[in-house]
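Please model the complete structure; the sequences and the hints are all you need to start from.
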Amino acid sequence: MALKQISSNKCFEGFQKVFEHDSIELKCKMRFGIYLPPKAEIGKCPVLYWLSGLTCTEQNFITKSGFHQAAAEHGLIVVAPDTSPRGCNIEGEEESWDFGTGAGFYVDATEEPWKTNYRMYSYIKDELPKLIKANFPADSERMSIFGHSMGGHGALILALKNPGKYKSVSAFAPICNPVQCPWGKKAFGGYLGSDLTKWEAYDATNLVKSYPDSHLDILIDQGKDDQFLSAGQLLPDNFIAACTERKIPVVFRLQQGYDHSYFFITTFINDHIRHHAKYLNA
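FYI, the working numbering numbers position 54 of the sequence shown as 54, with every residue one higher than the one before it.
Derived from the structure by calculation, the hints contain no laboratory data.
This one's a predicted model, so the numbers in the text were calculated from it and none came from an experiment.
Honestly, I wouldn't trust all of these hints.
Unchecked claim - BS3-like cross-link-like pairs, simulated, lysine-lysine; straight-line CA separation at most 30 Å:
#1 K29 - K185
#2 K115 - K29
#3 K10 - K278
#4 K115 - K185
#5 K125 - K161
#6 K27 - K115
#7 K209 - K161
#8 K278 - K133
#9 K161 - K198
#10 K17 - K130
#11 K115 - K133
#12 K39 - K4
See the structure below:
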């Protein structure tokens, strides 16, 4: 699968690159950012996947989060894909900011007209890791995942649906219980139809109830002044309650005064990189 390099910038002795490729799952051209730490020049490195939130592209994280120094120090390759297919010419894909373009929700759609292209779950789980393994010095046995908001939802469900695939998981302000919130109801209704069992298969709060063991150390940071927390879009309490019931270790930090923005992410990104490095470099 041919990769076309879009950009390359030296950063903390490594390189932040962006590539484009033709996606088999999504049937369109897709871009992803990849940071190759200095250590990648001499050997294979573990891979940390970042999933971004609504309206984002691969650019938001690589330009705003300030993750590079910690990734360079810990020798982690960091991959930041786009959040949805682009330019598929599906009627209605550009109509709203929380559905369609920029809002793939990391599910495999089952409904027309979305099901042909909107397969972000399989893209992140299978296609992208194969691409990374084939083209970069990546140790595919050592992978972890994290994300923000819709991407926090994506990170949690990918870890919970695939026990053992990821060494660790963390999230910033994740959508924890999409079947119960307006964003989730809109997205799941559109992509997955009216069958609620299909919705539950992509809901972290539901998935954790049947997670087979407790070998998953979850870190979540949530801003206390996050407008989407108070609007009932994120519902972390439901997820924490489910984890507690199943005795799955979760560190949940409610951060005083912080909102939903990248200023919040930048503040705590090093903690999250360290959390993953602990498992990836073990």
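These are the hints, each one checked on the structure:
Between the alpha carbons of K29 and K185 the distance comes to roughly 28 Å, so the proposed pair stays at or under 30 Å and holds. For the suggested pair K115 and K29, the alpha carbons sit about 17 Å apart, so the restraint of at most 30 Å is met. Distance restraint check for K10 and K278: the Cα-Cα separation of roughly 25 Å lies within the 30 Å cut-off, and the hinted pair is therefore satisfied. About 17 Å separates the Cα atoms of K115 and K185, which keeps this hinted pair within 30 Å; it holds.
With a C-alpha separation of about 10 Å, the suggested pair K125 and K161 falls inside the 30 Å cut-off, and the hint holds. Straight-line distance between C-alpha atoms of K27 and K115 comes to about 11 Å, which keeps the hinted pair within the 30 Å bound. Under the criterion of a C-alpha separation no larger than 30 Å, the hint pairing K209 with K161 is consistent with the structure, at around 11 Å. Distance hint between K278 and K133 is fulfilled; the C-alpha atoms sit about 22 Å from each other, no more than 30 Å.
Of the pairs offered as hints, the one joining K161 and K198 holds, with about 13 Å between alpha carbons and a cut-off of 30 Å not exceeded. A hinted pair counts as satisfied when its Cα atoms are at most 30 Å apart, and K17 with K130 qualifies at roughly 18 Å. Of the pairs offered as hints, the one joining K115 and K133 holds, with about 27 Å between alpha carbons and a cut-off of 30 Å not exceeded. The straight-line distance between the Cα atoms of K39 and K4 is roughly 23 Å, inside the 30 Å bound, and the hint therefore holds.
In this structure, every one of the numbered hints holds.
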